[in-house]
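Undergrad: Turn these sequences into a full structure, and let the hints guide you.
Chains as they are written, first to last, in my numbering: chain A, 532 to 675; chain B, 532 to 675; chain C, 532 to 675; chain D, 532 to 675.
Warning: the hint list may mix true and false statements.
Unchecked claim - List time: in silico DSSO-like cross-link candidates among lysine-lysine, alpha-carbon distance up to 30 Å:
id	chain 1	residue 1	chain 2	residue 2
1	D	Lys669	B	Lys672
2	B	Lys669	D	Lys669
3	A	Lys581	B	Lys672
4	C	Lys669	D	Lys581
5	B	Lys672	D	Lys672
6	A	Lys669	B	Lys672
7	B	Lys672	A	Lys672
8	B	Lys669	D	Lys672
9	D	Lys672	C	Lys672
10	C	Lys581	D	Lys672
11	A	Lys672	C	Lys669
12	C	Lys581	D	Lys581
13	A	Lys669	B	Lys581
14	D	Lys669	C	Lys581
15	A	Lys672	B	Lys581
16	A	Lys669	C	Lys672
17	C	Lys672	A	Lys672
18	C	Lys669	A	Lys669
Unchecked claim - Among chain A residues calculated to face chain D with C-beta under 10 Å, some are:
id	residue
19	Asp621
20	Thr623
21	Leu633
22	Phe649
23	Gly666
None of these hints come from the bench; they were simulated from the model.
Being a predicted model, the structure only gives us computed values, none of them experimental.
Even for Gly, the Cβ is constructed at its ideal location relative to N, Cα and C.
Number of protein chains: 4
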Amino acid sequence: MPGVIIETEGEFAGWRRFDTTDTFDALIGPFYFRQDENGRTRGAFRAEQKHMNMGGRMHGGCLMTFADIALFQIAYQEMEGSRGVTVQLDSTFVDGGYVGDLIEATGEVVRAGGSLIFVRGQITDEGRTLLTFSGIIKRMKPRG
Amino acid sequence: MPGVIIETEGEFAGWRRFDTTDTFDALIGPFYFRQDENGRTRGAFRAEQKHMNMGGRMHGGCLMTFADIALFQIAYQEMEGSRGVTVQLDSTFVDGGYVGDLIEATGEVVRAGGSLIFVRGQITDEGRTLLTFSGIIKRMKPRG
Amino acid sequence: MPGVIIETEGEFAGWRRFDTTDTFDALIGPFYFRQDENGRTRGAFRAEQKHMNMGGRMHGGCLMTFADIALFQIAYQEMEGSRGVTVQLDSTFVDGGYVGDLIEATGEVVRAGGSLIFVRGQITDEGRTLLTFSGIIKRMKPRG
Amino acid sequence: MPGVIIETEGEFAGWRRFDTTDTFDALIGPFYFRQDENGRTRGAFRAEQKHMNMGGRMHGGCLMTFADIALFQIAYQEMEGSRGVTVQLDSTFVDGGYVGDLIEATGEVVRAGGSLIFVRGQITDEGRTLLTFSGIIKRMKPRG
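TA: Structure representation (structure tokens):
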């Protein structure tokens, strides 16, 4: 996976993040990912003011963006060496997130087929579920 | 609707936008809205590099954020004087958006009930559909 | 499309339906389809007691089944000569349907790609919207 | 829960099912439910020819109907003494089911709020996942 670096300092030392500037990912991130001891993907970031809506709760768009990025990280092994695009992402908002909280994403690959990968997951805030999501990634045929 | 200002200059003169700083809306926007001659909500923004993913296409998170904000603008009249939260937002990604393009959102209130408002819509890029979405807003009881 | 016959009598004379017995389609149908003057697919059936839940309203499962079948009929032209399977169907229930009512389905192909077809639609009951739906059909490669 | 009986014979002896005739539930069921040793709801039925589509696989409408009914059974405790309606049901079809197979549904209440109950689940066929679903139940205010 090109463009990924391992954080060396701070709360997320040892976690990977995209090495990117001047993109949507850079603007609202960084979001961090790593594999846990069981090989399952875990995503995390610390909620900042910039992630909040005008009511002081985490913006739904922030949650969905985190989910969309997590989708590919959860499907990490199935995607190895190939590219893909999200074709569907269904989001259910169950609670609100706040500044300073640790926001985490986990999930599972329901099925990885030849052309489509089905993923489900959830985003939590200090243990409270904020968002559940279900997504489909379509594998892209390699160029060339 | 407090916190809304009318743009006075440039491409979106006459359109309204949120008067906000230091929020997610401010970070990735501004997104512009207005009512067309038939009273239907139209949203728009000009795609910038900051809205792109690492592959040079508009980030799914940007599209979903625009959809989430448009949801409430489309339900503008039904929401008048009350607040609400998104409880569901289903997104189907049908095509890619690019820097410099005019991105637009339109939609319809399918039904406005006493507690839930059902909205459908689409985001287009110069006429090409990028995203279709379907969402549910839950009305919040006024604090008091 | 093999297995389709044109109804010759009654309310749906001139409409097509599946020529099937001993299937789920036969059990809960027949559901009728035709193209309107603009070439757009229209589905319809007359609500019977067998379509109702224990509360006397049309069962959500009946609405979703009608939507699933309509999905393929709406994508009729794009599917010509090929087979497909539903990979995603999102359903929003906005109102209740009742015995004796004319239930109709309409919709549009949002995009027909090489492998996926995106469809949106709605089911109405005498003009009232009962269900909005959004689905994805995956084309199956021909056997052989 | 009125209208429920406990099956006394056959494969599903000890499971509960709706005591209903002349409804959609009766037409395509019976579907069986019970609580497992941990109090979690488990649904099941034996796939018959009547559940199949014209291609010999379980009809998507059958799977979604089973999911819709399971939704309320999974939320069994939270619904105790009250009624509700499905407002959203998102379905992802991941594999096909066949005649003679044991079809099972399980799931979890993600959150039970004052007006909305969020449920996720899956339907399996002899261990293979056929459908994942995510739904929202809206509590109905008691009449009277």
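Undergrad: Looking at the structure, which of the earlier hints fail to hold?
TA: 6, 7, 9, 21
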